[in-house]
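Colleague: Going down the list, the sequences are from chains A and B.
Under this note's numbering, the letters of the first sequence match residues 307 to 419, in that order.
Under this note's numbering, the letters of the second sequence match residues 763 to 877, in that order.
Heads up, a few of these hints could be off.
DSBU-like, lysine-lysine: derived pairs with alpha carbons at most 35 Å apart [said to hold, decoys possible]: (1) A:K347 to B:K800; (2) A:K405 to B:K765; (3) A:K377 to B:K778; (4) A:K342 to B:K800; (5) A:K358 to B:K778; (6) B:K800 to A:K350; (7) A:K347 to B:K832; (8) A:K325 to B:K778; (9) A:K315 to B:K800; (10) A:K373 to B:K778; (11) B:K832 to A:K405; (12) A:K350 to B:K765.
Treat the hints as calculated values from the structure; they're not laboratory data.
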Amino acid sequence: DTAVSQTPKYLVTQMGNDKSIKCEQNLGHDTMYWYKQDSKKFLKIMFSYNNKELIINETVPNRFSPKSPDKAHLNLHINSLELGDSAVYFCASSLRAAKNIQYFGAGTRLSVL
Amino acid sequence: AQKVTQAQTEISVVEKEDVTLDCVYETRDTTYYLFWYKQPPSGELVFLIRRNSFDEQNEISGRYSWNFQKSTSSFNFTITASQVVDSAVYFCALSEPQGAQKLVFGQGTRLTINP
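Okay, chain A solo, but in the shape it has when bound (with noise of 0.2 Å):
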């Protein structure tokens, strides 16, 4: 029973494709977010959806379109992927009125070659 679910694990892909992430989770968060993890291991926002309504958007290209379908589902969409998409992706979904205690799923390796 995985509380947050990431797919795929691990994505490797040519520069210039478009490609897709998706998350779930199953613990009735309401809010849910995307994180990158760059190769120094730095941990940085991305977006965050409360209740499908998008709440955080830092200045991330505009390449990356994120999609809220639920409550439950936050989905990742980048084009014309580049080199330095190279990272790891980390969905992570809280319950906004519990103290913002995030819980993270397993993290995409993304490699763009």
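Using the hints provided, position chain B relative to the given structure of chain A.
Modeller: Only chain B this time, still in chain A's reference frame:
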């Protein structure tokens, strides 16, 4: 703007030693939350603790303890009698209690426990 600094990039100790991971933060908010997360070699991020800025009591959970000092803006993490399984990257993080509640992470400290 919020900022978290973990000045220790890497720490290496021998098993059974005690080790303290430092975390210093900056925020203009009077109310905030502080967190520690563990990232073992398998790569997932595991929640360890959350502390409210109004609660300066230290906390102990088994071999883990946390020392929150608002006066020095620090939230340090001590592992007593370290074990090889404690080897991981540890992240300190800060968030606002309202609004977007994003986590602002420190750079992480890579802890290696040698047998």
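Colleague: Flag every earlier hint the structure violates by its number, smallest first.
Modeller: Hints 3, 5, 8 and 10 are the ones this structure does not satisfy, whereas the remaining hints hold.
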